[in-house]
Structures are given as structure tokens and as C-alpha cells.
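Starting from the given sequences, assemble the full structure and let the hints guide the process.
Remember, my numbering sits 13 above the position in the sequence shown when you count from 1.
Please keep in mind that the hints were generated in silico from the structure rather than gathered at the bench.
There may be inaccurate statements among the hints.
[Stated by the list, open to error] Pairs of lysine-lysine, DSSO-like flavour, derived with a Cα cap of 30 Å:
id: 1; residue 1: K186; residue 2: K166
id: 2; residue 1: K186; residue 2: K123
id: 3; residue 1: K161; residue 2: K146
id: 4; residue 1: K186; residue 2: K161
id: 5; residue 1: K146; residue 2: K186
id: 6; residue 1: K164; residue 2: K186
id: 7; residue 1: K146; residue 2: K123
Predicted model only: the values in this text are computed from it and were never measured.
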Amino acid sequence: FVVNPDVLVPRQETELLVDMTLRLYSPTNGNHVLIADVGTGSGAIAISIAHHLPHAIIFATDISTQALTVANVNSQMHGVSNQVQFIHGDLLIPLTEPVDLILSNPPYIKTTQISSLAQEVRSEPVLALDGGKDGLSVTRRIFDQSAKYLKAKGRILVEISPEQRHNVLQIAKTTF
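Structure (C-alpha cells):
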């Protein structure tokens, strides 16, 4: 994948979102599935899923036009531009129809912890790192918006920090 200072560098933890998606939606069943990759950045998640799930349509949103440019290059390079639609906008708001699965590696680092991150991480876009006071401001917004954009029996997969698990479960319980 092509990356530059406009996007996060894909990391091993994010691969778990792809792996979990592939467990939920078998590439051999041929089912048409609509997926939203929220805050797509380099497009690594959306593109990897499209590569393995040829019947999936993925809407990949990002508020950064620079990130979407990188993602589009990656999509073309990996031959999945017919499956992945990159959309500029805030989280789920640009979607025009409900989806079966919402995925995201949102910013989840507490604002106060940004300055203590490793230099290589601090050089990445703050917009993609800073999750607000408790690290969950963007995650809360994704869950809040999901009522409008998630199909019945749909699923949400969100990357979080392990210590946020309890709080995210509470957010999910409150939402659903």
C-alpha cells in the first residue's frame, strides 16, 4: 500500500478488522454484502476486504480529501476500484443507503496521550489519532449514527485500545 504523511501507516492490529470481516462473510458464499469503512485513510481495510470478498460493495468514507486521494491510488493499484466507492464526508453521513457492516479504525488515543506517542506515530495525521478527552469521541459518533445507516441484524467492528473495552461495550449497550 502507498502511504504518505496524509494517512496512518497500516498496522498489524488493524488486520484484525479484515480477518474478522472475512470470518463473518465467507468469500465463497457469493452473498452481496454492503460494507462501510469509516475513516478509510489509505484504504487498506476496504481494499483488503474487496480483494477477498468479490461480491462485496464497500463505501469508504473519510473527511480528508488528501487521504481519499491516497486510497484511490491504492484501490487502482490493487484492482478493486470497481468495488470500493470513496466518499468525502464525516463518518457515516455521506452514505445513501444502510449497510450490513460498519468497520472503522477511528482515532482512539486520548488527546493528552498524543504527545507521549512514539515519534513515528506522532508524525502521522493528528486527525487520525486524536479521539478526544477519553479517546472515544469518534467511536461514540459512529455508534450514534449507526442507527440510521446499519441494516437490521447488521454489525459494527471498531478498533479500540484494550483499556477502552468496557466503555465501548457500554456505548454499544446504550445504542442498541
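Cross-check of the supplied hints:
1. K186 x K166: At roughly 15 Å apart (the allowed maximum being 30 Å), K166 and K186 satisfy the hint.
2. K186 x K123: holds, 22 Å
3. K161 x K146: Distance ~26 Å between K161 and K146 Cα, so the pair holds.
4. K186 x K161: holds, 16 Å
5. K146 x K186: Holds, because 21 Å separates the two Cα atoms, which is no more than 30 Å.
6. K164 x K186: holds, 17 Å
7. K146 x K123: holds, 5 Å
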